[in-house]
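**Q** Using the hints provided, position chain G relative to the given structure of chain Y.
2 protein chains.
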Amino acid sequence: MTRIAIATAAAALAAASAGIAFAQQGPKPEDEIRYRQSVMNVIGRAVGPMGAMAQGKASFNAAVVQKNSALVDSLIGLPFNSFGPGTDKGAPTKADPKVWTESEKFKQAAEGAQKAVANLAAAAKGGEEAKFKAAFGEVGKACKSCHDDFRTKEFRN
Amino acid sequence: MTRIAIATAAAALAAASAGIAFAQQGPKPEDEIRYRQSVMNVIGRAVGPMGAMAQGKASFNAAVVQKNSALVDSLIGLPFNSFGPGTDKGAPTKADPKVWTESEKFKQAAEGAQKAVANLAAAAKGGEEAKFKAAFGEVGKACKSCHDDFRTKEFRN
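Chains as they are written, first to last, in the working numbering: chain Y, 694 to 850; chain G, 694 to 850.
Note that these hints are calculated values from the structure, not bench results.
A hint or two may mislead.
[What the hints assert, rightly or not] Distance condition first, Cα-Cα at most 16 Å in a straight line; then the derived EDC-like pairs of lysine to aspartate or glutamate: (1) Y:K846 / Y:D789; (2) Y:K750 / Y:E822; (3) G:K760 / Y:E822; (4) G:K782 / G:E723; (5) Y:K760 / G:D766; (6) Y:K791 / Y:D781.
[Said to hold, decoys possible] Label-pair distances were calculated between CB atoms; the ranges are: (7) G:G770 / Y:S752: 34 to 42 Å; (8) G:G770 / Y:N850: 30 to 38 Å; (9) Y:K800 / G:T845: 35 to 43 Å; (10) Y:N850 / G:K787: 17 to 25 Å; (11) Y:K800 / G:G770: 30 to 38 Å; (12) G:A756 / Y:Q807: 14 to 22 Å; (13) Y:F848 / G:E822: 41 to 49 Å.
This structure is a prediction, so every number in the text was calculated from the model and none was measured.
A virtual CB, placed ideally from N, CA and C, is assigned to each residue, including glycine.
Looking at chain Y on its own, in the form it has when it is part of the complex (with noise of 0.2 Å):
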């Protein structure tokens, strides 16, 4: 065997060894895929009544736009861990393709997500009303993008 031949022996078994490893330790990809539709559906939640202020349909209430913020923060890291390899199946999932073939982009909007996420807990602190609707507009158009981008219409099996 060559030097590089060996290299890549060397290197299939360690990823095999990693693929067995995820399969007996790590969840399955189904409890991934359920995992993160549960923290986004809770996130959903939280963020519901929040719109409902920043479109005007409701009105500015700055101790839950605190509690709701701060929660979302607390939540918005979870799910991104939870789109490892092999997660693109297993169970009805809206994830796209491209979380996985476009994986760069996709982490990027998940930090994009995270930081604006971040700036709305630490705006509604203030609980000024304006600060609020700016910044929420910013997780909004962080959401929509990456939605946009990564989230199918319809649930794909």
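**A** Chain G alone, transformed into the frame defined by chain Y:
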């Protein structure tokens, strides 16, 4: 119509109105079921590593305990608002019918869980393993007690 008949009719009308208001404005039963399951799923993922530490299967990690207990503390109150009238069915659920027939007992169990989790989050800030284990033990008891009494083994529709 007698006075009682009028009062009964008025009560029925009020109940019907409330029902319509619920159906039109509130979340649908299936959304409530999905929401409370989502929250419980996210809580479970955060509790897991703490359980392993409490059982000595993983090394105590003060930072993880602090982060995860704070997350659970911010989530534990949420599902209990989603067991309203009519949410005993509409999607597969493990919620025992006793949630609605023994609602006072359920409320007490829910409050007990919230108190135990608040104590855990407070204890976690100190970073002491012994205090974490004691507080986590109480959380485990509260979870188990409520699940034993109010969660069925299999999903029902």
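**Q** Each hint needs a verdict: does it hold in this structure or not?
**A** The hints, checked one at a time:
The straight-line distance between the Cα atoms of K846 (chain Y) and D789 (chain Y) is roughly 9 Å, inside the 16 Å bound, and the hint therefore holds. Only pairs whose Cα atoms come within 16 Å are accepted, and K750 (chain Y) paired with E822 (chain Y) is accepted, the gap being roughly 14 Å. A hinted pair counts as satisfied when its Cα atoms are at most 16 Å apart, and K760 (chain G) with E822 (chain Y) does not qualify at roughly 29 Å. As the CA atoms of K782 (chain G) and E723 (chain G) are separated by approximately 8 Å, the hinted pair is consistent with the 16 Å bound.
A distance of roughly 13 Å separates the Cα atoms of K760 (chain Y) and D766 (chain G); the hinted pair therefore holds under the 16 Å criterion. A distance of roughly 10 Å separates the Cα atoms of K791 (chain Y) and D781 (chain Y); the hinted pair therefore holds under the 16 Å criterion. Checking the proposed 34 to 42 Å range against G770 (chain G) and S752 (chain Y) shows it is violated: the Cβ atoms sit about 23 Å from each other. The hinted range of 30 to 38 Å is satisfied by G770 (chain G) and N850 (chain Y), whose Cβ atoms lie roughly 34 Å apart.
Separation of K800 (chain Y) from T845 (chain G) is about 41 Å and conforms to the stated range, judged on CB atoms against 35 to 43 Å. Distance hint for N850 (chain Y) and K787 (chain G): a CB-CB separation of about 24 Å, consistent with the stated range 17 to 25 Å. A C-beta distance of roughly 33 Å is found between K800 (chain Y) and G770 (chain G), which places it inside the suggested range of 30 to 38 Å. The beta-carbon spacing between A756 (chain G) and Q807 (chain Y), approximately 19 Å, falls within the hinted interval of 14 to 22 Å.
At roughly 44 Å, the beta-carbon separation of F848 (chain Y) and E822 (chain G) lies within the given 41 to 49 Å, and the hint holds.
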